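So the protein sequences, as listed, match chains A and B.
The numbering of the first sequence is the numbering used here, which starts it at 1 and goes up by one.
The numbering of the second sequence is the numbering used here, which starts it at 1 and goes up by one.
Calculated directly from the structure, the hints in this document are not laboratory data.
There may be inaccurate statements among the hints.
Unchecked claim - Label pairs and their in silico Cβ distance ranges:
(1) A/16 - B/162: 26 to 36 Å
(2) A/353 - B/200: 32 to 42 Å
(3) A/531 - B/63: 29 to 39 Å
(4) A/60 - B/201: 34 to 44 Å
If you're wondering where the values come from, they're calculated on a predicted model, not measured in any experiment.
Cβ atoms here follow ideal geometry from the backbone N, Cα and C, with glycine treated the same way.
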Amino acid sequence: MTRAQRLRRRRPDHSGATHERARNLSAEQLDGVLEPTDLAWLDEHLASCEACTAAATAYEADRMALRGLHEFEMAPPRDLWARTAAAIEHEGRGRRAATRQTAAPRSLRPKPALGVLSGVAVIAVVVGASVISGGWLNSPATALAPESPTPPPVAAASPAATPRSTPMAVGAGDVRWLDTTADGALAFNVTDIGEVCKQDHQPDCAPVSGGHSTHVELAVRPKSISQSPVRNQAVVVGSDGSGNDSVVVVVLPTSGPATAPPPTVGPGSTPTDVPSNPPTASPTPGGTATSEPTTEPTATPTLEPTERPSGTPEPTVAGTLAIVSGVKVVGETASYSPDGGWFAFTARSSDGTTGPDIYVWRAGDGTAQAMTDDHASVFSSWYDGRLIGSRAPGLDLADEVAPESFLMDQRTGASAPLVAALWRPVVGPHGRWAVSWDGTVKLGADGVTPVPAAGSLVLHRFSEDGDIQANGVLATFADDVVGDVDVRWDETGNWLAVWLGDANDPSIGRLSLYRVDRTSGDLDQAKGAPQEVIAQSGFSIGKGRLAWATPPGQGGEGSRVQIVAWSDDGVGAVESGPVEDVVLIH
Amino acid sequence: MVADPTAAVLPGYAERGRMPGSRAASVSGMWDHEEADAFIETLFAKHHNEIYAYLVRMLREPELAADLTQDAFVKAYKNYETLEKAENARAWLYQIAHRVALDEIRRRKIIRFFPWSGESRGASPSAEHVVMDAHLSGDMQRALARIPERQRAALLLAEVHDLTGVELAAALGVSHVAARALLTRARESLRQALAAEQAAEAEAEAAKTAPSRSAENHR
Chain A
1 MTRAQRLRRR
11 RPDHSGATHE
21 RARNLSAEQL
31 DGVLEPTDLA
41 WLDEHLASCE
51 ACTAAATAYE
61 ADRMALRGLH
71 EFEMAPPRDL
81 WARTAAAIEH
91 EGRGRRAATR
101 QTAAPRSLRP
111 KPALGVLSGV
121 AVIAVVVGAS
131 VISGGWLNSP
141 ATALAPESPT
151 PPPVAAASPA
161 ATPRSTPMAV
171 GAGDVRWLDT
181 TADGALAFNV
191 TDIGEVCKQD
201 HQPDCAPVSG
211 GHSTHVELAV
221 RPKSISQSPV
231 RNQAVVVGSD
241 GSGNDSVVVV
251 VLPTSGPATA
261 PPPTVGPGST
271 PTDVPSNPPT
281 ASPTPGGTAT
291 SEPTTEPTAT
301 PTLEPTERPS
311 GTPEPTVAGT
321 LAIVSGVKVV
331 GETASYSPDG
341 GWFAFTARSS
351 DGTTGPDIYV
361 WRAGDGTAQA
371 MTDDHASVFS
381 SWYDGRLIGS
391 RAPGLDLADE
401 VAPESFLMDQ
411 RTGASAPLVA
421 ALWRPVVGPH
431 GRWAVSWDGT
441 VKLGADGVTP
451 VPAAGSLVLH
461 RFSEDGDIQA
471 NGVLATFADD
481 VVGDVDVRWD
491 ETGNWLAVWL
501 GDANDPSIGR
511 LSLYRVDRTS
521 GDLDQAKGAP
531 QEVIAQSGFS
541 IGKGRLAWAT
551 PPGQGGEGSR
561 VQIVAWSDDG
571 VGAVESGPVE
581 DVVLIH
Chain B
1 MVADPTAAVL
11 PGYAERGRMP
21 GSRAASVSGM
31 WDHEEADAFI
41 ETLFAKHHNE
51 IYAYLVRMLR
61 EPELAADLTQ
71 DAFVKAYKNY
81 ETLEKAENAR
91 AWLYQIAHRV
101 ALDEIRRRKI
111 IRFFPWSGES
121 RGASPSAEHV
131 VMDAHLSGDM
141 QRALARIPER
151 QRAALLLAEV
161 HDLTGVELAA
171 ALGVSHVAAR
181 ALLTRARESL
191 RQALAAEQAA
201 EAEAEAAKTA
211 PSRSAENHR
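Could you build the full structure based on these sequences and the hints that come with them?
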């Protein structure tokens, strides 16, 4: 022992530097083993220094407190993976373009259940919708122009940057959606899509804008919108201020390039979609639309936004027809009949005490009518001028039951059972093929609505009187569907889109597009067609286009509308810029 | 459909046993997007919870933390080639998340330290905050919020997220010695901040009781 050490031993040095050293060593001791000499010195110092001993004790106590945080996990938002995957996908496209990779980009997103990755927390999202009376209202066109930047409405190649890129022409047609503008207003967008880029050229396609955009007002916060196949009219399912759903009928804005869709289907029926008993809309903003009939027939749709001279401060309030309110609309199957004369959907009580029933609205009527009262039936699809429903009898007695389906004449309510024990058969427009859940059903998360349990989602031949085995299963889409399912055919019956909802987050799912051989029913995954891409619920398919919204991107960037279009030359794609609260109109 | 996300994706990084760079170089130095996709998916499945938790603890705002978690994984994807060894992926990810957090703090120029306890001024506590309340006293929460962010990061990474010394150094982007020194300073800063918080609390308590005593004396 040196003299200095002996001196320190006899007379502990309590200078500031010494205390600091003691505290440092006490802290370091928590993170590793001290040198023996340092340890001995520290012990000696602490023995005679209460302040440093207290500091050492405090370090230890603080450490224990922090380590207590190990005890719990924080659940990130359920959609974190969906958002991240979308952002990575977007980033990946840019990199692929930058590196001039010629391999087809990977459009598939990862297989794991979307909700599984982000924990198990279930968050009830309550949207505070401002309830505004009236239907679609046109703002003055002049006011819209500066607010709505309108880049070229169609995908445009950038020849300078990518000389090899040649956009692919597709048949005329548009994609329509509703979104929220920066000022919080609703906007109705109609975007003509005349060209797309094949997938290996996709990064070269400039994003499309909202095309023609019109500010609108709506009494409900829209969740899904179905456009009539024969009129410029739509049925909107939305939540009202109380959180319940309302189903309202509106007339779409017609100004600008948007035109009434072509009468694609018209099998001898000329639907009357002017309400025979038109509703009286509340004339003041803040009120709710009513379905009270008036005795004055209206020659033109009362819901049509009124064209107004520029500069008029307040738009004229147009009518909205609330055909059902105070319910919860179930699933994604609501749709117009092919002739546009009827609209069918499924709804249950808003308080969750009773299960779902099928409702139909005849275009022109003042209200929708419940077609079932067993509180266990759902609308599936249209077939041969009638609706197909599915029900789950006996779910109050058993956990899982075999479903049954039936054909119902919506005019009379008369129904006849289908032989096959199918759940929600979605029959194609030719009536030849259908996509159905072949298996059992159980009660879903809300405790009253049947959902698929064990079985498969299959494509099969369809007939009214054949069972599924006899008819023949042509393809299986999923063996373990646990979320919602949205299956839609295009009007030709040659293309089919299948959206499988996530088990934990009903707002997102995986969307795939298939080509169906009209003769054999064989499925073909066309090159460039989306396969299991992450998509928000509510897509549109028709007129040679499939459109869907991606989940909101990073940094509050918003969703993007993805549009895939096809022609004889193949399948191509283009996307919109960021959009907020987008709802595709199908 | 409950699946092990790690098992469901393409090669897990733990099994890769090779450097991404060497793989990427096999395509004429080009970036292998397929493998990068799979790799990031695996990373996300394994680590997104802890990265999110770290960012919540650093920034105290769950929504912002979610955005930054997303940013971190996107950056990881973009910088996939910079990961030299697969076994370092966790520390590498923390390093990215740490930089994302510091960037955000610098960008904002302020750190909005909403107390985690019931003393919240205005905002109702989130679910995460409520859970944290049960584990950290209010004065500890405020003390943590008072110390410099790099020190707070060091403490959280070492004590809460269990990074080893080497991992801590990698995550903080400093040498092992510097990381230890930072951690030592952080412990002392926290001790002093906690003492200051407790003193302020005692003072406030005394101020509350003083008027009542004074009133009693007047009776």
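Kindly confirm whether 34 to 44 Å is satisfied by the beta carbon distance between residue 60 of chain A and residue 201 of chain B. violated (21 Å)
Does the beta carbon distance between residue 353 of chain A and residue 200 of chain B stay inside 32 to 42 Å, or does it fall outside? violated (53 Å)
Mind checking the hinted window 29 to 39 Å against the Cβ distance between residue 531 of chain A and residue 63 of chain B? Hint holds: Cβ distance 32 Å, inside 29 to 39 Å.
Range first: 26 to 36 Å. Now tell me if the beta carbons of residue 16 of chain A and residue 162 of chain B are that far apart. holds (34 Å)
Violated hints for the displayed structure, listed by number in ascending order: 2, 4.
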